[in-house]
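Peer 1: Residue numbers (numbering that gives the first Met the number 0), protein chains in the order written: chain A, 0 to 197; chain B, 0 to 379.
It cannot be assumed that every hint is accurate.
[As the list claims (entries may be wrong)] Straight-line alpha carbon distances no greater than 27 Å define the calculated DSSO-like cross-link-like pairs of lysine-lysine that follow:
1) A:37 with B:340
2) A:14 with A:50
3) B:304 with B:287
4) A:163 with A:68
5) B:287 with B:28
6) B:118 with B:28
7) A:68 with A:37
8) B:183 with B:304
9) B:118 with A:50
10) A:163 with A:14
11) A:68 with B:340
12) B:28 with B:183
13) A:68 with B:183
14) A:14 with B:340
15) A:151 with A:37
Bear in mind the hints are in silico, worked out from the structure with no lab data behind them.
One letter stands for each residue in the lines below.
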Amino acid sequence: MSLRADLEIIQQWIKPGSHVLDLGCGEGELLRHLRDHKQVQGYGLEIDPEKISTCIRHGVNVLEQNLDKELNNFEDNSFDTVVMTQSLQAMHYPDRVLEDMLRIGHEGILTFPNFAHWRCRWYLGTKGRMPVSEFMPYTWYNTPNIHFCTFKDFEQLCRERNIKVLDRLVVDQTHQRSWLSGLWPNLLGEVAIYRVSR
Amino acid sequence: MSTFAADSVGLVTPQRHSFSEPLQLACGKALAPYELVYETYGQLNAAADNAVLICHALSGHHHAAGYHSAEERKPGWWDACIGPGKAIDTNRFYVVSLNNLGGCHGSTGPSSISPDTGKAYGASFPVLTVEDWVHSQARLADVLGVQQWAAVVGGSLGGMQALQWAISYPERIRHCVAIATAPKLSAQNIAFNEVARQAITTDPDFHHGDYAAFGVIPKRGLMLARMVGHITYLSDDSMGSKFGRELRSEQLNYDLTSVEFEVESYLRYQGQEFSGRFDANTYLLMTKALDYFDPAAAHGGDLAKTLAGIQAQTLVMSFTTDWRFSPARSYELVNALLAAKKQVSYLEIEAAQGHDAFLLPIPRYIEALSGYMNRIEVAS
Numbered sequence: 000m001s002l003r004a005d006l007e008i009i010q011q012w013i014k015p016g017s018h019v020l021d022l023g024c025g026e027g028e029l030l031r032h033l034r035d036h037k038q039v040q041g042y043g044l045e046i047d048p049e050k051i052s053t054c055i056r057h058g059v060n061v062l063e064q065n066l067d068k069e070l071n072n073f074e075d076n077s078f079d080t081v082v083m084t085q086s087l088q089a090m091h092y093p094d095r096v097l098e099d100m101l102r103i104g105h106e107g108i109l110t111f112p113n114f115a116h117w118r119c120r121w122y123l124g125t126k127g128r129m130p131v132s133e134f135m136p137y138t139w140y141n142t143p144n145i146h147f148c149t150f151k152d153f154e155q156l157c158r159e160r161n162i163k164v165l166d167r168l169v170v171d172q173t174h175q176r177s178w179l180s181g182l183w184p185n186l187l188g189e190v191a192i193y194r195v196s197r
Numbered sequence: 000m001s002t003f004a005a006d007s008v009g010l011v012t013p014q015r016h017s018f019s020e021p022l023q024l025a026c027g028k029a030l031a032p033y034e035l036v037y038e039t040y041g042q043l044n045a046a047a048d049n050a051v052l053i054c055h056a057l058s059g060h061h062h063a064a065g066y067h068s069a070e071e072r073k074p075g076w077w078d079a080c081i082g083p084g085k086a087i088d089t090n091r092f093y094v095v096s097l098n099n100l101g102g103c104h105g106s107t108g109p110s111s112i113s114p115d116t117g118k119a120y121g122a123s124f125p126v127l128t129v130e131d132w133v134h135s136q137a138r139l140a141d142v143l144g145v146q147q148w149a150a151v152v153g154g155s156l157g158g159m160q161a162l163q164w165a166i167s168y169p170e171r172i173r174h175c176v177a178i179a180t181a182p183k184l185s186a187q188n189i190a191f192n193e194v195a196r197q198a199i200t201t202d203p204d205f206h207h208g209d210y211a212a213f214g215v216i217p218k219r220g221l222m223l224a225r226m227v228g229h230i231t232y233l234s235d236d237s238m239g240s241k242f243g244r245e246l247r248s249e250q251l252n253y254d255l256t257s258v259e260f261e262v263e264s265y266l267r268y269q270g271q272e273f274s275g276r277f278d279a280n281t282y283l284l285m286t287k288a289l290d291y292f293d294p295a296a297a298h299g300g301d302l303a304k305t306l307a308g309i310q311a312q313t314l315v316m317s318f319t320t321d322w323r324f325s326p327a328r329s330y331e332l333v334n335a336l337l338a339a340k341k342q343v344s345y346l347e348i349e350a351a352q353g354h355d356a357f358l359l360p361i362p363r364y365i366e367a368l369s370g371y372m373n374r375i376e377v378a379s
């Protein structure tokens, strides 16, 4: 099984044998990979019944828990790494979730789409309407993505909260890196993968 | 010619085993001799690594699947989940289901004849705990040649036994499936049990538990106990949709005693039916076992510490409208397992049926149980 491109990048940042919490783990692809290849004991949180079933069938530890409710049941510093892929923008309180990630884990790894990507800017600039694309297919009233941000916004939040950005990888929607998006990430990068800590 | 469905275990015959070595109990007494009645479905494989123990809840028994005769109207109590190709697949697993000690379905209990007196034990039958049951089940496992269970599965009081197995015999259980249960009862839960016990013990026919000597049973008390229990097993929604405020006749009678609402009639029927088939002392004993269950008490109330030694992977499931064993209670267990860094999965199943949901074929529940059980590795 080949791993989704962003997960392939993330797994390289996770130490073998570590303790990992995956917020919004989907079908548990990352945790399965980490378990099978890196002896990682992990847990995923998920609310989609179908995805939870898939996790169960694959022997992935999955907990039915809504990230928008408190994560108070997880103790401080109880995990090495807390991962959240493509969910930050769907949280009611993204800042609280980010804080919680770094309370629970030593490190956090996040991915989210960049709303300042040139295509979004072009769409909004020329049409004067909220961007809709194949990558972000929802209209404004039914999108789960209620808190879009840009790379700059995110990094500003990190600075305000004294969160260190350890790594940042800017990629396109197929998670390929290009020299262009490295040059001008906030304009040309579509998805960022951040590794953060306190 | 078989008259049973292809996914039924078909005709089953209860078996029994007599144990002569005394069983030391938590109360300080020892019980000997005693008998356990049980059923098995499927075949124990050569590696003896495919055995699954089913633990029953308050009013359950050994007859979990299949039929005792072609004429039997209803199959065993968990037939929805046990059988060839079902969630607990008897093509893969050797399933063992017993009637717990103290029960009234064939295992030694208060209504059994005491070898010392030649009369029914009655009030003199020792009070049992979940831990005592687990020890008695371990002895049964020895008899059956099961060194380690692939899984111990139970709902409600049965889930407590599954959890106790993981704690008491960590090396003898690979998977613990704890459904609609709690690591201990709440005050409210104990209160409901106390109402049930009061109903029984204040029945004039109770005779301090020795009703057998008087040739009577405290039917009224047992009926009341079941009625109050039954209310707590259902949700407000399920009672509402099942009965609403439906009346048995066209209009109100304006009297104080007649059965007017459908829900009254239903409860009375349930209570009456139950009081004809269940032993009052067993009911008292089962509710006490529920109340006493608190494995963390031995570790200063620290459940995570209590679970530190367990090796089993655990699946915890709860049901949204279950208020007798609410999802929050299951989550206490999940959080302790997390804190102890144990392998655990948790599902909160959307279901309208309250606590009773754990006995019902709710698609998502069955699918999850099936998915979990099917990936348990066993030798072929």
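Peer 1: Could you tell me which of the numbered hints above are not met by this structure, giving the numbers in increasing order?
Peer 2: 7, 9, 15
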